[in-house]
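Undergrad: Fit chain B to the known structure of chain A by using the hints.
There are 2 protein chains.
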Amino acid sequence: MGKGITSREENYSQWYNELVVKADLAENSAVRGSMVIKPYGYAIWEKMQAQLDKMFKETGHENAYFPLFIPKSFFSKEASHVDGFAKECAVVTHYRLKTDESGKVVVDEDAKLEEELIVRPTSETIIWSTYKNWIQSYRDLPILVNQWANVVRWEMRTRLFLRTAEFLWQEGHTAHSTAEEALEETTKMINVYSEFAEKWMAMPVIMGRKSENERFAGAIETFTIEALMQDGKALQSGTSHFLGQNFAKAFDVKFADKNGKLDFVWATSWGVSTRLIGALIMAHSDDKGLVLPPKLAPIQVAIVPIYKSEEELSEISKSVQIIIDKLKAKGISVKYDNRDTQKPGFKFAEYELKGVPVRIAIGPRDLEQNSCEISRRDTLTKENVSQNGIDDYVENLLNEIQENIYNKAFIFRNNNIFKVNTFDEFKNVIEKGGFASAHWDGTIETELKIKELTKATLRCIPFKNDLEIGKCVLTGKPSKERVLFAKAY
Amino acid sequence: MGKGITSREENYSQWYNELVVKADLAENSAVRGSMVIKPYGYAIWEKMQAQLDKMFKETGHENAYFPLFIPKSFFSKEASHVDGFAKECAVVTHYRLKTDESGKVVVDEDAKLEEELIVRPTSETIIWSTYKNWIQSYRDLPILVNQWANVVRWEMRTRLFLRTAEFLWQEGHTAHSTAEEALEETTKMINVYSEFAEKWMAMPVIMGRKSENERFAGAIETFTIEALMQDGKALQSGTSHFLGQNFAKAFDVKFADKNGKLDFVWATSWGVSTRLIGALIMAHSDDKGLVLPPKLAPIQVAIVPIYKSEEELSEISKSVQIIIDKLKAKGISVKYDNRDTQKPGFKFAEYELKGVPVRIAIGPRDLEQNSCEISRRDTLTKENVSQNGIDDYVENLLNEIQENIYNKAFIFRNNNIFKVNTFDEFKNVIEKGGFASAHWDGTIETELKIKELTKATLRCIPFKNDLEIGKCVLTGKPSKERVLFAKAY
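Just so you know, the protein sequences line up as chains A and B, in that order. Position one of the first sequence corresponds to residue 1252 (the numbering used here), numbered consecutively onward. Position one of the second sequence corresponds to residue 1252 (the numbering used here), numbered consecutively onward.
None of these hints come from the bench; they were simulated from the model. Careful: at least some of the hints might be erroneous.
Because identical chains cannot be distinguished in the list, a pair is counted as satisfied if it fits within a single copy or across any two copies.
Capping the alpha-carbon separation at 27 Å, the derived lysine-lysine pairs in DSS-like fashion look like this [what the hints assert, rightly or not]:
| # | residue 1 | residue 2 |
| --- | --- | --- |
| 1 | Lys1383 | Lys1500 |
| 2 | Lys1355 | Lys1500 |
| 3 | Lys1577 | Lys1308 |
| 4 | Lys1338 | Lys1349 |
| 5 | Lys1702 | Lys1349 |
| 6 | Lys1298 | Lys1579 |
All of these numbers come straight from a predicted model, not from anything done at the bench.
With the rest of the complex left out, here is chain A (with noise of 0.2 Å):
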């Protein structure tokens, strides 16, 4: 445990590193760029997967398992994905090692492949290679696959969830009949994306359109979530894209309709990552450690025994099972912890940095009075409640905690929208952090000199938005719509 962790007001970069650290989340590895998940990390990115893999189920999806390795020649086939890609990846040139004459290891010359093979920095060339193989007629379609993988992105600056050589996502990738059916699919795929944010995250979103220079690689449209962090910049956390024809392009891949005439399919592809939970780290922990939201905590709840003796320990024990028995019927996880080797401050001050939502502490007058001690980790506030009606009061109190720490963030986001009309309110706004909601004239050049001169990037034009005449905040030049800026991880 040590010391505490730096406050975000003294240093929120610092912050964060150290919490996710401390909180035993994640930790830098020996191979540069790329993170160690440890398992209460991990136990989170589980929870997350558990309940998007039911939300694709429910919407129709199946997973499959595609290639790690990428033939280079793919990416040449679409021209704006190679250029979007190609310049950070991993390129395997051999295929065995051997020990040479001094007993070193070293790479054998002899076992060069004859085309280099790319470790997948995203899939859609290798998953249309292959559907190539699978679509005729427009009776083999929709194809509605996603695939959870890992994948490759060469970064130079490197933050652990953040940004990472070596990151977990879901790719899924759909191929459709018509454009409607693949626009809707990428409808869809954002609205589930934001319903996992706001209802499970307790994250609040603003979904929109990305602007052509913000679009993934390869697309016609880009939809996306985009987030508020309590430092005020933008976090990206989860993307749907209309791909049209390129892809089908790319890799010649037709079908027939029913009257037999040809034409190229149409694609999407929607992902998330584990950045996912650096986005669910910085919306809502706090200088003491994690808040994690009751319906994505690995535990629950945790129970701390106060005793002085063996036997006030062993007759808290009993109570204490009760209580979990409890719970355990209401689904919720629960941990016992008995450790005699710490002392009670010590354990709630750990269950405090791990953000685990609710504590209860139990001693000898709590058992004469058949009560507990029940503390929430979002407001860090205690109460004594009656050990009879324990499990629904839990249950209330966990599902209160969610609502609380979704609202809290939703004020925080809202109080930092900020509609500016001048370029000396937009760069107030970038510089003291939110989102600057400022007309802007649909160029990419003036998105490419506003970020020039102020860091900010356009994050998105919401879908929810009132058509309003102004003037572009650099140039004068008249638009129809606000959109979001914002400094962005």
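TA: Positioned in the frame of chain A, the structure of chain B alone reads:
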């Protein structure tokens, strides 16, 4: 669907290859040696994963995630490990592509890694380099961690599921303060695998020790479960390794015991992979297609309506909905196939090919009689059954099928273990197929000589083995127990 598959008798190997593809389980990809696991095959893997993961957690393990890439130098640290794995691995040497003058995408030679990275063939080295930071004292032990991941071994001759360059697996890596505890863990996990194979895959296995020659590279002891396929070849289905202090010494991982005395940490590792899907196919399936044990079947019941008119279909569908609701309430997975593009006969053949354990057909006469026709995939028999109580009937039938599949494989396996006392008898058994239970003098030389002469390998020294004085089947030297040899996948 096409014209069916090659029979096992005709060509067992071809039967397998065709079955995997025609039943939509997997296919070869554009990347040499890497497979695409299709949705139906992946659904089986998901069922396997869910059950195994549950069993790992019930035995106290947690999941985590370690890097895909391992620095080349890590492989040199454990001497026997490098010999076992370095020969067959994918080597990442560069981290960027670029477009050359002619517009071709080429490897950027300026982006050469200082130290090459190996795509993990197994993760002992990267994990023990990490454990070094996690372990100081006995209080940090045991570490009971599992990882679900992809691994790459550069196989020259590949076969779908059985041997592919990339495959999916889980690898448990545990750390202990005593040799006894580590050995207990090694035994516990081979028992978990055995229980999974027998109760879930309905596949009888023999548990035993590997000979020194067949041990995992870096292990002191390897335990295995060996199954017998229908062609009389053995298939190693899971292994659990006692690694002693080898990796702790290689990565200098020491712990202080209660008295403060430093010692190296004791290790185990254990894994099963998508190879199990190959085993599942070959253990039970027949010339009509897959035979899946109900506990791992993605679809347990397929319902096919028999109708001539839309009205008939509509009436049938009403009854079917009631059946579906009843079955789902029991947790049984059902697919109602009301496609109007295919005839019932086509659908019947498809569900036989795909190994759906139970098929229900309902036509107009069934409606009159409140009955339906139930077909079992394992015996290919049919029965007319009342729709009343169909949920209990099907539930029992699924259990019966699970048991029957196991019993059939158990009898086949037991009928194909042959005690042999001469080398001629030995060769006959190996030629014909099955396990040869033979005396062996315990030397690597004899084991290798036998392999050279017969292609049979020493599959295991069974845990449950009678002590019996005898003479080595090849050399005539003394032996105190029989061991199992077979040709193997």
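Undergrad: Decide, hint by hint, whether the structure agrees.
TA: Status of each hint after checking the structure:
For the identical chains of this complex, Lys1383 and Lys1500 are intra-copy neighbours only, at 10 Å inside a copy versus 50 Å across copies, given an alpha-carbon limit of 27 Å. Taking CA atoms no more than 27 Å apart as the test, Lys1355 paired with Lys1500 passes between copies only; the shortest distance there is 19 Å, against 48 Å inside one copy. Within a single copy, Lys1577 and Lys1308 get their C-alpha atoms only as close as 31 Å, which misses the 27 Å cut-off; across copies the closest is 21 Å, which meets it. With identical chains, the CA atoms of Lys1338 and Lys1349 are at most 27 Å apart between copies only, with a shortest distance of 6 Å across copies and 30 Å within one.
For the homomeric pair Lys1702 and Lys1349, the shortest alpha-carbon distance between copies (26 Å) is at most 27 Å, but the shortest distance inside one copy (49 Å) is not. Taking the shortest Cα distances, Lys1298 and Lys1579 sit within 27 Å of each other both inside one copy (17 Å) and across copies (24 Å).
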